[in-house]
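**Q** As you go down the protein sequences, you meet chains A and B in turn. So for the first sequence, my numbering puts the first residue at 3; every next one is plus one. So for the second sequence, my numbering puts the first residue at 2; every next one is plus one.
Possibly wrong hints are sitting among the right ones.
Stated by the list, open to error - Once the Cα atoms are required to be at most 20 Å apart in a straight line, the calculated SDA-like pairs of lysine to any residue come out as:
hint: 1; chain 1: A; residue 1: K20; chain 2: B; residue 2: A269
hint: 2; chain 1: A; residue 1: K90; chain 2: B; residue 2: E303
hint: 3; chain 1: B; residue 1: K235; chain 2: B; residue 2: E303
hint: 4; chain 1: B; residue 1: K97; chain 2: B; residue 2: N110
FYI, nobody ran anything at the bench for these hints, they're computed from the structure. Treat the numbers as computed from the prediction; the structure is a model and nothing was measured.
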Amino acid sequence: MKILIVEDEHKMAEYLCKGLTEQGCTVDLAANGIDGQHLAIQHDYDVIVLDVMLPGLDGFSVLRSLRTVKQTPVIMLTARDRVEDRIKGLHDGADDYLIKPFSFLELLARLQALTRRGRAQEPAQLRIGDLQIDLLSRKAYRNNTRIDLTAKEFALLAIMARRQGEILSKTAIAELVWDMNFDSNTNVVEVAIKRLRAKIDAPFDQKLLHTIRGMGYVLEPRAPEAPLPEHDEHDEEDG
Amino acid sequence: MRHSIIARLVMMFAAAALVIFSLIGGVLYAVVKNELLRHERDGLVTTFNDIEYMVSRVGTVDRWARVQTKLDTLTPADGKVRFWVFSNDPQFSYGKDLAELHDFDYDPNNIGRLRIKGKEFPMHTLTKVLPAYLDRPAIRLTIGVDTEPYFETLRTFVAAMIGLSLAGIFLVILFGYWIARAGLQPLKKMSDKAQTLSPQTLSERLTVSALPDELSDLAQAFNGALDRMENAYKQLEAFNADVAHELRTPLANLIGETQVALSRERSAPEFEIVLQSNLEELDRLRSIINDMLFLARCDQGEAATSLVHTAIADEVQKTIEFFEFVLDEMQMSVEVVGDIDAKSMIETALFRRALTNLLQNAIQHSPAGARITVSIDAQQKDVQVAVSNPGEPIEQRHLPRLFDRFYRVDSARRDFDGVHGHGLGLAIVKAIALMHGGTAFASSRSGKTTIGFTIGGKAA
Numbered sequence: 003m004k005i006l007i008v009e010d011e012h013k014m015a016e017y018l019c020k021g022l023t024e025q026g027c028t029v030d031l032a033a034n035g036i037d038g039q040h041l042a043i044q045h046d047y048d049v050i051v052l053d054v055m056l057p058g059l060d061g062f063s064v065l066r067s068l069r070t071v072k073q074t075p076v077i078m079l080t081a082r083d084r085v086e087d088r089i090k091g092l093h094d095g096a097d098d099y100l101i102k103p104f105s106f107l108e109l110l111a112r113l114q115a116l117t118r119r120g121r122a123q124e125p126a127q128l129r130i131g132d133l134q135i136d137l138l139s140r141k142a143y144r145n146n147t148r149i150d151l152t153a154k155e156f157a158l159l160a161i162m163a164r165r166q167g168e169i170l171s172k173t174a175i176a177e178l179v180w181d182m183n184f185d186s187n188t189n190v191v192e193v194a195i196k197r198l199r200a201k202i203d204a205p206f207d208q209k210l211l212h213t214i215r216g217m218g219y220v221l222e223p224r225a226p227e228a229p230l231p232e233h234d235e236h237d238e239e240d241g
Numbered sequence: 002m003r004h005s006i007i008a009r010l011v012m013m014f015a016a017a018a019l020v021i022f023s024l025i026g027g028v029l030y031a032v033v034k035n036e037l038l039r040h041e042r043d044g045l046v047t048t049f050n051d052i053e054y055m056v057s058r059v060g061t062v063d064r065w066a067r068v069q070t071k072l073d074t075l076t077p078a079d080g081k082v083r084f085w086v087f088s089n090d091p092q093f094s095y096g097k098d099l100a101e102l103h104d105f106d107y108d109p110n111n112i113g114r115l116r117i118k119g120k121e122f123p124m125h126t127l128t129k130v131l132p133a134y135l136d137r138p139a140i141r142l143t144i145g146v147d148t149e150p151y152f153e154t155l156r157t158f159v160a161a162m163i164g165l166s167l168a169g170i171f172l173v174i175l176f177g178y179w180i181a182r183a184g185l186q187p188l189k190k191m192s193d194k195a196q197t198l199s200p201q202t203l204s205e206r207l208t209v210s211a212l213p214d215e216l217s218d219l220a221q222a223f224n225g226a227l228d229r230m231e232n233a234y235k236q237l238e239a240f241n242a243d244v245a246h247e248l249r250t251p252l253a254n255l256i257g258e259t260q261v262a263l264s265r266e267r268s269a270p271e272f273e274i275v276l277q278s279n280l281e282e283l284d285r286l287r288s289i290i291n292d293m294l295f296l297a298r299c300d301q302g303e304a305a306t307s308l309v310h311t312a313i314a315d316e317v318q319k320t321i322e323f324f325e326f327v328l329d330e331m332q333m334s335v336e337v338v339g340d341i342d343a344k345s346m347i348e349t350a351l352f353r354r355a356l357t358n359l360l361q362n363a364i365q366h367s368p369a370g371a372r373i374t375v376s377i378d379a380q381q382k383d384v385q386v387a388v389s390n391p392g393e394p395i396e397q398r399h400l401p402r403l404f405d406r407f408y409r410v411d412s413a414r415r416d417f418d419g420v421h422g423h424g425l426g427l428a429i430v431k432a433i434a435l436m437h438g439g440t441a442f443a444s445s446r447s448g449k450t451t452i453g454f455t456i457g458g459k460a461a
């Protein structure tokens, strides 16, 4: 995936570049609006990350002149959380909008959502290690043993399975499973993960649902010999 | 001196003085004029009686000549007193310009006025017809007195009156200015005192007892305003301190942990732990800042947009579903009571957020196995949503302050089951209620705590 980042804040540009490169993206950087506009128009990117407050030419202007030429997906970044700004950005043709401080995971999820748009329909069956999920009949199996899940537990599992290998923050999980799109300061997600873990991981040797402390949760098969720091499995010991 | 009280008072004094002097002057003028006229009439009548007596007993031409001589001597050289005798027989006539004056109108009982050629003022006259006597036919006797002294006196009186009044008004202005200044001295003192009040001397007040009655109300009102301001000021100070404190704790953790981590060589997994711990603190900071920004936007008067006509019970049910696992874990249950059909214009995300905070609060403060109630109450204009839970009673004094930012009933109690509440949850509930044109309320009675909010049905 080829990404252009237009951001004047040096530290942010640097970590975005590093993080996205490590995710396998090709990243170009522009530190001001004029360079950003030039690069965005001259080259073909899969997605552009565009800051609103930029020296030279602000993000809205860059977006407007870009939209006269091409329809590259654009995510706007802003420190100002005002409804008018959001409306203005979306009106000018931005595809998404993130407010600083945002989590890197959220940006990654949104980038993937933007580039995933219009892809082929997802399969009805998902497989993570020996965990098998049937999205149509809403049933889950491990080693061909049926795992009894409640509706919400299954929704949680399905959402994590669709994004296997992707770290999902608590906020993202709350939004995807319960449609609660705000920081709730509750322990709902922890409790839900604990219950799901008790059902899909506890009886089995290979653990699939992992806690990434400070970031969120990921569903993926890990090689058993991989060194797992003690703290990392902290929650699994609880469950 | 825009809107100067002293100037106003002096103007009013002057106006009052003008009215008083005018009234007194007018009345005095009328009295003096009347007196003068009476005096003149008395004089005229006396003279007339004397002459009448003399003339009435003269019946022959012979003696008439003596009357004429007598009248000549009685007529002063400056012509201030004049005599006329009109008669059909010219032998019994007397006086100048008889022909011209022959036909003037007269009132036998009253003083008449007669204009004489070459005289500035008219003469005051008294006229009477005397019956015939011996040879003499009936005659008409007229005596005229010059009115110059009368009018001169009146004119002098008026001039003196106006002069005195003007001088009096001028004095009233002078004294009025002095009186007003002296009278307003307490006000100036009060304003001087008020000038000295500053944020550093917030607790100082005007001393009401030292002020005159008229000012004590004002001073009391002023002190009341100061009380409210001091409260707001203190709240703001406390709030700033709370914010700083809330931010300082995670910052201290971040700095300390990072410094410890860097102070000696460590393995990658060890650094990983530090970074993960830092991330947790940073997330706490982010969450506080986001909530503060949310509250700030509400303070700036941002109202809920994208309002949708929604069945309240549906949203309540969805929010309860969110807590399904937590409730299960705590063996708690939630019951929805009230107007299940109530509908209102709400921004669903905000509504869920408010109710989430209320439910979270109720779960935190209830014993395991408790039964929580969500009541929906459709009132005339708005819909009331309240969450009740059994729990320790909250003292009455805490109730209205529960919605203050960072307010904690029990300052020692902070985290619950690893959940970071940072004291903004209920403030956000209130903010969301305000954004929907409603308000938040709390009560604590017989072991049951109820906290809720209203949503204006026709919210802007």
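**Q** Against each hint, give a clear statement of whether it holds in the structure.
**A** Now the hints, each set against the structure:
1. Restraint check for A:K20 and B:A269: satisfied, since their Cα atoms lie roughly 18 Å apart, inside the 20 Å limit.
2. Between A:K90 and B:E303 the CA atoms are separated by roughly 17 Å; this keeps the pair inside 20 Å, and the hint holds.
3. A C-alpha spacing of about 25 Å is found between B:K235 and B:E303, which places the hinted pair above 20 Å, so the restraint is violated.
4. At roughly 24 Å between alpha-carbon atoms, B:K97 and B:N110 are farther apart than 20 Å, so this suggested pair is violated.
This entry does not satisfy hints 3 and 4, going by the numbered hints stated previously.
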